[in-house]
Every structure is written in C-alpha cells, then in structure tokens.
Amino acid sequence: MIDADIGRLPVIEDGELVGIITSKDIARSMIAFRKVVPDKYKSARIRNLLVEDLMTQNVKTVKATDNISKTASKMIETGYGGFPVLDDEGTLTGIITKSDILDLIVEMEGG
Numbered sequence: 020m021i022d023a024d025i026g027r028l029p030v031i032e033d034g035e036l037v038g039i040i041t042s043k044d045i046a047r048s049m050i051a052f053r054k055v056v057p058d059k060y061k062s063a064r065i066r067n068l069l070v071e072d073l074m075t076q077n078v079k080t081v082k083a084t085d086n087i088s089k090t091a092s093k094m095i096e097t098g099y100g101g102f103p104v105l106d107d108e109g110t111l112t113g114i115i116t117k118s119d120i121l122d123l124i125v126e127m128e129g130g
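Residues in the sequence shown are numbered from 20 upward in steps of one, following the working numbering.
No lab work stands behind these hints, which were simulated from the structure alone. Careful, some of the hints might be misleading.
Dumping the calculated DSSO-like pairs for lysine-lysine here, alpha-carbon to alpha-carbon at most 27 Å [what the hints assert, rightly or not]:
(1) K79 <-> K89
(2) K61 <-> K43
(3) K82 <-> K93
(4) K59 <-> K82
(5) K59 <-> K117
(6) K79 <-> K93
(7) K61 <-> K89
(8) K93 <-> K59
(9) K82 <-> K54
(10) K82 <-> K43
(11) K117 <-> K79
(12) K89 <-> K43
(13) K54 <-> K43
(14) K82 <-> K117
(15) K93 <-> K43
Have a look at the derived ranges for each label pair, beta carbon to beta carbon [to be verified]:
(16) S62 <-> I87: 42 to 48 Å
(17) V125 <-> L68: 36 to 42 Å
(18) A46 <-> S118: 15 to 21 Å
(19) S42 <-> E128: 26 to 32 Å
Every residue, glycine too, gets a C-beta built ideally from N, C-alpha and C.
Start from the sequences, fold in the hints, and give me the full structure.
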C-alpha cells in the first residue's frame with residue numbers, strides 16, 4: 020500500500036464488499052499489537068493476522084450516481100478521506116478520495 024501510494028483497499032468476499040482496510044487501520048493495529056504481544060511471540064503472531072482482524076466493517080459507501088458535492092459533504096461530515104463507490108446493484112465500481120475531488124476541481128479550473 021505504501022509503495023503504491025494507496026491509502027485504502029476494499030475487502031471483497033464472494034463478490035460483496037465486506038470491509039475496507041486503510042493505512043490508519045494497519046498503523047493502529049500494529050501499535051496495539053506491539054503493546055499487547057510479548058516480543059518473543061511477535062513474529063509468530065503477526066504471521067497469523069488476517070485482513071478481517073484489521074479491516075473496518077459496515078463500510079460507508081457512495082453511489083456512482085451521487086453528485087460530487089454530496090460526496091464531498093459526506094467526506095467532511097464523516098472525516099473520511101474516501102469511500103467505496105457502488106453501482107445501482109451494489110457492486111463495487113471504484114473508490115473516490117479527497118484527492119480525486121481536488122484533482123477534479125483543479126481540472127475544472129483549468130489547472
């Protein structure tokens with residue numbers, strides 16, 4: 020995630036969005052892990068961590084048909100930096116982030 024400059028990834032199971040994992044989720048989990056797990060067990064225990072142990076469930080999403088203004092407002096209200104985007108059938112079609120919205124504004128302004 021760090022090397023690819025990706026801040027969040029959707030978690031899909033059987034074609035359905037079941038969660039999202041962010042770099043913040045990973046950082047928080049690693050801090051907690053280091054505090055709780057004794058040093059001599061860390062390497063063995065970390066290999067057994069699963070994405071589902073770290074991910075956020077009950078993910079807030081936006082629809083592909085939502086307008087940008089509504090999506091930006093939702094980001095401000097929730098403090099989230101991005102949302103999975105679902106089509107009318109509930110299928111994941113992408114992710115929209117604050118950076119995407121800023122890029123659009125710059126493009127519209129002719130920058």
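Hint by hint, work out which the structure violates, then give me just those numbers in ascending order. Hints 4, 5, 7, 8 and 9 contradicted; others consistent.
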